[in-house]
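**Student:** Under my numbering, the first residue of the sequence shown is numbered 1, with each subsequent residue one higher.
These are computed hints drawn from the structure, not numbers from a lab.
Quick caveat: nothing in here was measured; it's all calculated off a predicted structure.
Some hints could be false.
Claimed, not checked - Cβ-Cβ distance ranges computed for the label pairs, FRET-style:
| hint | residue 1 | residue 2 | range |
| --- | --- | --- | --- |
| 1 | ASN165 | ASN252 | 29 to 39 Å |
| 2 | ASP189 | GLY129 | 12 to 22 Å |
| 3 | LYS113 | ALA257 | 38 to 48 Å |
What the hints assert, rightly or not - DSS-like cross-link-like pairs, simulated, lysine-lysine; straight-line CA separation at most 25 Å:
| hint | residue 1 | residue 2 |
| --- | --- | --- |
| 4 | LYS136 | LYS62 |
| 5 | LYS95 | LYS62 |
| 6 | LYS145 | LYS81 |
| 7 | LYS113 | LYS136 |
C-beta atoms are modelled at their ideal positions from N, C-alpha and C, and glycine is treated no differently.
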Amino acid sequence: MKPINRRHFLNLAAAAAAVAAIPACGQAAPSGNRQNGGANPASRPSGSSSSGSAPQSGRPLKIGIIGAGWLGGTVGRIWVKAGHEVMFSARDLDKVRRDVQGLGSRAKVGTVKEAAAFGDVLLFAVPFGALQQLGKDLAGEINGKIVLDASNGNETEPLVRQLGNGNVGVAISKLLAGSHYARAFSCVDATQIEASYERGGRNPLAVPIASDHRDALDMAARLVRDAHCAPVSVGGLANSAKFQRGTPAFRNHTGEAEMRRILGV
1 MKPINRRHFL
11 NLAAAAAAVA
21 AIPACGQAAP
31 SGNRQNGGAN
41 PASRPSGSSS
51 SGSAPQSGRP
61 LKIGIIGAGW
71 LGGTVGRIWV
81 KAGHEVMFSA
91 RDLDKVRRDV
101 QGLGSRAKVG
111 TVKEAAAFGD
121 VLLFAVPFGA
131 LQQLGKDLAG
141 EINGKIVLDA
151 SNGNETEPLV
161 RQLGNGNVGV
171 AISKLLAGSH
181 YARAFSCVDA
191 TQIEASYERG
201 GRNPLAVPIA
211 SDHRDALDMA
221 ARLVRDAHCA
231 PVSVGGLANS
241 AKFQRGTPAF
251 RNHTGEAEMR
261 RILGV
């Protein structure tokens, strides 16, 4: 046998090492590359933990909360826990800062304008009377963005009658013109949403949603699920009157099957 010189030996060793580094056929990929929430820890948003913090579906979102009060603040905090980056805004920013203490770097606080610019998706949870001015002030920020709206008004209010013929959702969509508008979280209490999230998907609270925009309807469903609630779509915005204030569905905290029966969907 011909002797192996030093250079030939080193080449053989390097080739063997390269072959050994290739995973065997059928070998599972590292857990950091798994789909749906299994991202490499180095790619996780700052402040997220390695367990229990990945969103229920898809990549983490940047969400702006316009009105971080009882409902907006509760839902926003849940979304932070679910792995999203959330900027909270309200009139009393000092109170908001106290409310989000301990949530980590994914929870941010800013002005209404800053939150609207920050979010790829926005949640409005403000008094009906504030929406007309907000629609004007934030026209540039909301244009083309998905806006989930949990605000409420009465069908007898002049602006609701004028813009929506009694349909609150239709009226607000016109006040927030240019956005991809959806009704979501508007007929359920914050305490019930929080309780559903804490149950971890067991007996989820039904949350009716509606939109004329497919992308907004899909996003509403996704973020409802991330709160461990069950989305119940009624379709287009005209049907959102089925769960506005004064209807059997409003503040009827029940499961998906019963809510579908109530709404007839």
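**Student:** Indicate, hint by hint, whether the structure satisfies it.
**Tutor:** Status of the hints after comparison with the structure:
{"no.": "1", "hint": "ASN165 to ASN252: 29 to 39 Å", "verdict": "violated (24 Å)"}
{"no.": "2", "hint": "ASP189 to GLY129: 12 to 22 Å", "verdict": "holds (21 Å)"}
{"no.": "3", "hint": "LYS113 to ALA257: 38 to 48 Å", "verdict": "holds (42 Å)"}
{"no.": "4", "hint": "LYS136 to LYS62", "verdict": "holds (22 Å)"}
{"no.": "5", "hint": "LYS95 to LYS62", "verdict": "holds (22 Å)"}
{"no.": "6", "hint": "LYS145 to LYS81", "verdict": "holds (23 Å)"}
{"no.": "7", "hint": "LYS113 to LYS136", "verdict": "holds (11 Å)"}
Comparing the model with each earlier hint shows a violation of hint 1 alone; every other hint is respected.
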